[in-house]
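**Q** Now for the letters of each chain:
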Amino acid sequence: MSIKRLRLLGLLPTWVTIGVLMIGPLLIMAAVSLMEANVYGGVHLRFDVSSYVQILFDKNLFDETEFNPAYLIIIMRSFMLALGATGLALLIGFPAAYYIARQPDHRKNLLVFLITIPFWTNLLVRTFAWVIILGRGGFMDQVGSFLNIIGPDESINLMYTNTAILIGLVYSYLPLMVLPLYASMEKMDVRLLEAGADLYANRYELIRRIIVPLTMPGIIGGSILVFVPCLGAFIAPDLLGGGKKLMLGSLVQLQFATSRNWPFGAAIAMMLLAIVVIALMVNARAARRHAVYEQTGAEATHG
Amino acid sequence: MRKNVAVDIQQVTKIYGTGNAAVTAVNNVTLQIYDNEFLTLLGPSGCGKTTLLRMIAGFEDMTKGHINLFGEEIEDLPPNQRPVNTVFQHYALFPHLSVYENVAFGLRRLKKSEAEIDHRCKEVLALTQMEALAERRPSQMSGGQQQRVALARALAPNPKVLLLDEPLSALDLKLRQAMRDELKQLQQKTGITFIFVTHDQEEALAMSDRIVVISEGKVQQVGTPQAVYEAPANRFVANFIGEANMLEASCKTTGKNMTFTLVGGGTLKISTPDVAAGDAVTIMIRPEKVKVLAKTGKKTTPSSLQMEAKVIEQTYLGSVTHLDLACDGQTLKACINQGAHASFATGDEVLIEIPADNCRVLRS
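Each protein sequence line maps, in turn, to chains A and W. Oh and the first sequence: position 266 is 266 in this note's numbering, straight run, nothing missing. Oh and the second sequence: position 341 is 341 in this note's numbering, straight run, nothing missing.
Accuracy of the hints is not assured; some may be wrong.
Said to hold, decoys possible - Some chain W residues well away from chain A (every beta-carbon gap over 12 Å; in silico): (1) ASN4; (2) ASP61; (3) GLN220.
Unchecked claim - Short derived list, chain W residues pointing at chain A, Cβ under 7 Å: (4) PHE59; (5) PHE70; (6) PRO79; (7) ASN80; (8) ASN85; (9) THR86; (10) ALA92; (11) HIS96; (12) GLY106; (13) ARG109; (14) LEU110.
I should point out that these hints are in silico values taken from the structure, not numbers from a laboratory. C-beta: ideal position from N, C-alpha, C; glycine also.
Bound-form chain W, shown alone (with noise of 0.2 Å):
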């Protein structure tokens, strides 16, 4: 199936300040984002994601590059007159206006009929579940009750695209939780496309169709959660989304399964285009993948590799247990379920196992 572009981001560039001051925000950024798309771009703090949000809605000029709205060039026009809308971080709703009149204001600009606003009002205020509310005024409401406003105030004028700017930053935990699947079920209901920014790596796996992963103003890696979180494309999405081990590594033989030898010794046999003869990579597996058996145990994969190591520490977080082992003079994190094996304690000697198939080769 071919997929509609809602928004065609091409060589998108944002330098701030000039001379030895100027900071590059967004550096040469491509991109398209599908119609009915729940997109996140994800990075830390200062990554440049916000920036570039903020150049789709028309608060930031930028630099250099273009960006096309459904094939037409909107770099030109002011943020009033694109037919996106923003969820600001922390909400920005109108303190003078009740929550009827904040979700009605994209409408009345538009210069709706009375009628046509109503209408769409209660919509989207039952949408998002706050019909309930709509003459309250935002200083009376929660924070999640703001938010619910916020998303229905920018989804009410109908807009091509929507931007959220980590909007569930400022809620807690378990409301952050329930939010998530409702924002996923909103958007399969609207059918509008999502852009969402956060640095939260859980939210963006929890309900992203593709993840865009952003470091120092550069688009890491484009894919979906599984893809980048079980094939990272470097060290920084590696360790940027969940946990990683990584085991520096030589690649000896070519051919179709090349041999990895460990700094550390042992060797892993793992079929990779990616690298070449000679190449020092990084071998990531993530803690869940990796195996820990008793010293008794036996190997229960056979392209694995075996390893000694000693439990230095570990940590009981219910439904799993996080052990830290000491293998080779470095340490490996490891992630195991409760009653699946035998449990371990601190000081244990234990043999794990790393299996080829889950490993990743990563360029050093």
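Just chain A, same shape as in the assembly (with noise of 0.2 Å):
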């Protein structure tokens, strides 16, 4: 056997794990999404688009196809929901990042360590802290009383709303903002700041013109990493929204455990997916943008 070959033989492991564990996966799940339903859960093999129309069509009494926005309401609520957390989450973790990476060494590393720390722990354990810190008679309710912003039986009442959602969500993915976030001001020259100051720029311009340009890779790195799995998220909709406000991740989740439609389970993943490759797609453009002053050498000669 050719060297060659013998090499190509050494990539097989990463063949079988992207073939059998990623792709695989993703063809079955496409497949099922265009089969039609079994009433006990499963599929028939026939070919069937109906799951695609359930998402944003119905059947009336009457057997004529209708608009039902129900869905879109949820995919709406889902985008919002992530777009938000993810909005939330970069205003809270930029100024963290920031303040770790600006730290002497030791102390840096104990503080990255402990951004870490909530990920040793079930995200449901979590999530459902927040549930005895928003629910009736909890943490903020207390606190609201003893405030006397409202009297001491009643609820504060964030409990099954959107903002318990959103808080929920921007807890759970809030170091994954952080991380990204500090590795790149980590490696950013703090001269760069002194050299701002020294020509005239105040704080917020050197916030503005030379932290968060330098920054970019970082920003959009946490952003990705933060939007995608609010977006898919079905634990902190089901405990701190009750049910009540679905997202797509708690409805993909509903199809295939509770109301056993796999084709149309799998059509919401499907839909999920494009959504994420889009916002990844308008992402990497942003990224490609700033990452312009990243060339080198081999650009100068074009000149």
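The task is to assemble the complex, starting from two chains supplied on their own in separate frames and drawing on the hints.
**A** Next up, the structure:
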């Protein structure tokens, strides 16, 4: 066997991993989404696009197809909540990451370690903690009555609202925002800030003109890492939204686990995938625009 | 002519840390820097020269003292409100901006009009010969080009004082020498006060109107390049700038002309106001002032001291030759012009002559 063949053989684990564990399931899901649902769960091996139609249209009593906005509302809610959670996480994560990046080395490592600690506990358990905090008579209500914002037996009624879901999402995925932001801020040359201040930039201008452009890779990376899982989240909407405010993730989970409508669940999952891919492509384009400064000497000969 | 004081540094002290860990970086420095002057802060690394520069720029707080800029107190102003600009040691160019935008950065923060910004950017880019590369990114340029951009960027807002923190240290020797001349010309052309920090004594001698020699946070001497080279104030300055032979001696008689007796024997008559009879002193003479003659040679100057010596090593350097000479148990350095004297071989017995006029008496 030639060396070349041997080398290709060495890549086998990679191909198996990508093929069997990633592309395979995706193909199965795509196939399932195009089949007919079996009332007892599972599928009939027949081609049927009704699952996709079902996302936007419904059959009424007279067997006529009419527009049904129920799922569209869920899609919009998912999109807006994911976007909002990403924005909030960026707003909270940016100063946090900057603070960590400016600490002396030993403290930096400690703080990054602390940021990752929540990952050690199950997401379900952590989200449930928020149920206790936000729930009737919970921590938030106690603070509210202590500050006389609400009466002693009243509640702020945060539970089962979009706000509660948003809080849960931001909490769950904040570390995924902080870590990439920290990575780019740590690489940033602090002397550039001195140069900026020397050239009459005030604090706001230093952030706007120097820190933000230079940490753009981290901002984009962190936003993707938060936005994507938020879109498919189902624990926060379930526990904090009380199952009333469904999101795409909960819808998929519902179809597979409870309604036993596999093709419909698969169709929604495919649509979720499409939204993510489009979002990533928009992001990648923005990233390319900002990455121009990383061009090196090779480009210089054209000048 | 009465000179305008640009930067007035009054008893400035900078102490890092507290208690036992306290380090005094700048120790009670008082210094007047004149308008339109090329002033160099010269000293070994860690002597406090960069700290002093950073205090003028506003990046470091002072522990004690005052700094005035054209008569105005600036110590409470943050860096972005001080009318000074800095050329940083590693340039600190903004990697995400083009050369043009780097240069325009300060002007944009000062809210200048677009036309004014364009005019000024083109002007300083022409001054630094970088107009052809205005659209490049810093990463697409050589170190020398980046250096020029850093210079253009700092000059663009037309600062009252330009601070330069070892700007040439990252360049190779040839470029460094070319940039010296260019910096000097730039300073004369713009009329801006330059405060230049370096540890390279050659750079300091080549460019400065005045040199401030700093060691261990203290000013050792302030003077023109000629003054600090030819009349160093103390042993540190003599050793740090150029090469020096040090001869231990004692002072014998008082009067206008004092007689100094060398430890190894021999006397020199030197007129100096600095020392009193009985003082132990050091007599400093530069290697190029030491005359080396063949054994049979004659005294050329009446007031000089003649000693026998032996060539122990010679280093040929093209235009000059350095000689190490053993004389009365110590090693003296001499530097002779090629062709001006007969050449010597290692091991030759020679006569050396130390002219009293070229000696400098330093307190031990």
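**Q** All hints are to be evaluated individually against the structure, with a verdict given for each.
**A** Structure-based check of each hint:
1. Every C-beta of chain A lies more than 12 Å from that of ASN4(W), the closest at about 23 Å, which supports listing it as non-interface.
2. Residue placement check: ASP61(W) keeps its beta carbon more than 12 Å from all beta carbons of chain A (closest about 14 Å).
3. The non-interface label for GLN220(W) is consistent with chain A: the shortest C-beta to C-beta separation is roughly 28 Å, beyond 12 Å.
4. The restraint placing PHE59(W) at the interface with chain A holds, with a minimum CB-CB distance near 6 Å, inside the 7 Å limit.
5. With a least beta-carbon distance of about 18 Å to chain A, the hint placing PHE70(W) at the interface is violated under the 7 Å criterion.
6. At its closest, the beta carbon of PRO79(W) sits 4 Å from a beta carbon of chain A; the interface hint therefore holds under the 7 Å criterion.
7. For ASN80(W), the interface hint holds, since its Cβ comes within 7 Å of a Cβ in chain A; the closest pair sits about 5 Å apart.
8. Because the closest C-beta pair between ASN85(W) and chain A is about 6 Å apart, less than 7 Å, the hint holds.
9. A distance limit of 7 Å between C-beta atoms decides the matter here; for THR86(W) the minimum to chain A is near 5 Å, and the interface restraint holds.
10. The beta carbon of ALA92(W) is positioned within 7 Å of a beta carbon in chain A (closest approach about 4 Å), and the interface hint is therefore held.
11. The interface hint given for HIS96(W) holds, since its Cβ lies 4 Å from the closest Cβ of chain A, which is under the 7 Å cut-off.
12. Nearest Cβ of chain A to the Cβ of GLY106(W): about 4 Å, under the 7 Å cut. The hint holds.
13. Hint on ARG109(W) holds. Least Cβ distance to chain A is approximately 4 Å, under the 7 Å limit.
14. Because the smallest distance between the Cβ of LEU110(W) and any Cβ of chain A comes to about 6 Å, under 7 Å, the interface hint for this residue holds.
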